[in-house]
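Q: So the protein lines, in turn, are chains E and G.
Residue numbers for the first sequence follow our numbering, so the first one is 1 and each next one is one higher.
Residue numbers for the second sequence follow our numbering, so the first one is 78 and each next one is one higher.
Derived by calculation from the structure, the hints in this document are not laboratory data.
All residues carry an ideal CB built from backbone N, CA and C; glycine is no exception.
Just to be clear, a hint being listed does not mean it is correct.
Said to hold, decoys possible - Simulated crosslink set (BS3-like; lysine-lysine; CA at most 25 Å straight-line):
#1 G/Lys452 <-> G/Lys269
#2 G/Lys436 <-> G/Lys452
#3 G/Lys242 <-> G/Lys274
#4 G/Lys436 <-> E/Lys51
#5 G/Lys132 <-> G/Lys192
#6 G/Lys436 <-> E/Lys10
Stated by the list, open to error - If we take Cβ atoms under 7 Å as the criterion, some of the chain E residues that face chain G in the derived model are:
#7 Gly15
#8 Gln33
#9 Glu42
#10 Leu44
#11 Met57
#12 Met59
#13 Met61
#14 Ser72
#15 Ala75
Claimed, not checked - Pairwise CB distance ranges, derived in the manner of DEER restraints:
#16 E/Lys51 <-> G/Tyr369: 26 to 32 Å
#17 G/Leu123 <-> E/Gln41: 51 to 57 Å
#18 E/Asp36 <-> G/Pro396: 38 to 44 Å
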Amino acid sequence: MDIEIRGTIKQSDLGIGTWTLVSDANVTYEIMQPADSRLLQEGLKVKVRGKLRSDVMTMAMVGQVLQILDYSILAES
Amino acid sequence: MKKLLAVILFFGALFWVLSNYAGLGAKGEFNAIAIELKSTYSPDALEVLEKIKNKYDLEINPNSVFSQNLNLFTLSPNSKCTSNAEPTKEKLPEGTLRWSGCTRLTGYSDEYWQKILAEVRQELGKYAQAIEPNYEYKLDFIGSTRPNDPLYSRQWNLTNINIEKAWEKSKGKGVVVAVIDTGVSRVEDLQKTEFVKGYDFVNDDDDASDDNGHGTHVAGTIAQSTNNNLGVAGIAYEAKIMPLKVLNSFGAGTITDIAEAIRFAADHGANIINMSLGGAGESAILKEAIDYAYNKGVTIIAAAGNSNYPAAFYPARYPKVIGVSATSATGEKAFYSNYGAGVDISAPGGDMRGADGTKNEAGGILQNTINREGKSIYASFQGTSMASPHVAGVAALIESMGINKPEEVLNVLKQSVVKIPDDPQNFYGAGRIDAASAVQLASKGKLDFLDFFRWLRDNGYLSPRFWIDGGVMSIPLKLVIVVGSYLLAWLLRNWFPFSWNWSFTNGLFFGGTGLFILRGFYVFDLPQTPFRLLGSSIVELGNVFSNTNALNPITASVLLPFLMLIFLLGHARWKWFAIGSAISVCVALTAHAIFAPEMMWITDVWQARAYLGVNAALCFGLAYLSAKSESGAV
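Between the sequences and the hints, there should be enough to build the whole structure, so can you do that?
A: Dropping the structure here:
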């Protein structure tokens, strides 16, 4: 099921570190890699279309895993 | 003839023992030189000392704070380090290692020390009373087990779990720990650790090397080569590691690979599985694999997750998996750690938040791993990923002592923790892990299986969807309050006949007890605060949002009943609610004063009792007066 989320890109430094999308409703999603490096910038405001991958587990464990299908940048940090 | 045989045997045995006993002198490892200068030494002596220090990159220390007057100094390796020291194997004279970012030498060879010692004797002899190698006595011999790994002093997490005392009894020998992770690379400080064959489920081959750095770090916590004069220590360093790679270089992997790895571990002789990984989604495939391994006698441990969420992630959340939450160096729940339902025990995971947003490396868990380029580094990480292998390591120490059923291992782990008396939100599970008392308990051996089930049931771990933690509320206290409230109300009614109505009964109930069962009610994924709020009596309202059962002096007082009476006295029905509340608050405060006088801000028990007692008396006066004035109207 595809979902659409608006939020901010943030780096998490737990364990080795990972990229997350913190939605405007303050829910943290872990961005599934590999993802477009243009998207992975601290503080970037974005709107993404993606898929929640409940079949994937990670070492970061900071939230649900989000596979990004499409995105648009709303504002630079 | 028999006698002759006995004599031969005796001397043979004696010879064998002596030839195997190396003696104290033969263990002559020394890592420093002790120098005692003559009481009238010339200042030249210090210059010579300084010269030798610089030549061999050593540091001079007075032996202890008491040594200065005795002119006693030690020359030891320079130990100034910046964070993340990397061994670069830069060749120093005669094959010693130096770490970049860390000026400490990992230790000179014996011959090299002998050379330095000779030079010190030659140069400094005339100024000195004595110059001696500062022997580090083999610790097993004297009864301590402090390892000689140079960075061990930075592993607060190991001191935290009382590891040295545990090593006296067990080092994990004979136990196989499967590390289901990003793979494990045999970095320099895992060279002396034993490995068994693993598998790479990501690339489907036999080489389960790490291409991320996470799995190697986790394996280090479990079984880093220890007492090898290099790097850091690990918990069960005589256990064997089975590397199973299921997470790719980005640290993510599929449930099917993880499930396969669990089955592989169970089929290839693993005793323990550590999974420093997780996700929010439940999966039948994963659950079946866990049941399979559990039924084969494998103890399964997993990290609770790092989103500060009130339930553990999967797989930690499955009943047959030991879910581990993380604590910081101070022993508090780490800011990121998940908690609540599914957390069985807590262990050090670190907290690297420094002042003003900086990174505080010292607060993390330090192990040897690889960097992005695959080079060996010593790095500090934080996370429940780091907490889980502490439990896996201690489980290995326990299993090594002959306790092999997963339910028994869990029982030992849980019963040997440092208990947290006040943990209503289940931050810590059974408590903080303690390696020394775990092996102590394991050495007692006998554990009653029925005891374990009774224990499980009593602590509410048996239901998979919700559970009630009986430890959170004191049921006898609540019963005393309920019965006391009704008795007091009955007494008052004897004096002033009033009708016993619905509002009055509710007032009695909510004032002193509330729906107290809800306070200890946990549902997976739901925040616990609403339940605590619903489950709170008036007296307890002030501690709903804090993780404690200590009473808040503002709500545990006459204040709220007084305000309620002022505002509700004009209302025909609700005034009875207010009167009922005043009565039960009075009883609740009295009961707390007698049985449970824990309060916020008032730490002295007798002061707390006095405070509660005075307020109880005021509540009684309030109830008495209002019941008296109102009873005529009914």
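Q: For each hint, tell me whether it holds in the structure or not.
A: Now for the hints, and whether the structure bears them out:
no., hint, verdict
1, G/Lys452 <-> G/Lys269, "holds, 18 Å"
2, G/Lys436 <-> G/Lys452, "holds, 22 Å"
3, G/Lys242 <-> G/Lys274, "violated, 31 Å"
4, G/Lys436 <-> E/Lys51, "violated, 33 Å"
5, G/Lys132 <-> G/Lys192, "holds, 13 Å"
6, G/Lys436 <-> E/Lys10, "holds, 16 Å"
7, Gly15, "holds, 4 Å"
8, Gln33, "holds, 4 Å"
9, Glu42, "violated, 13 Å"
10, Leu44, "violated, 19 Å"
11, Met57, "holds, 4 Å"
12, Met59, "holds, 4 Å"
13, Met61, "holds, 4 Å"
14, Ser72, "violated, 23 Å"
15, Ala75, "violated, 22 Å"
16, E/Lys51 <-> G/Tyr369: 26 to 32 Å, "holds, 30 Å"
17, G/Leu123 <-> E/Gln41: 51 to 57 Å, "holds, 56 Å"
18, E/Asp36 <-> G/Pro396: 38 to 44 Å, "holds, 40 Å"
The structure shown violates the earlier hints numbered 3, 4, 9, 10, 14, 15.
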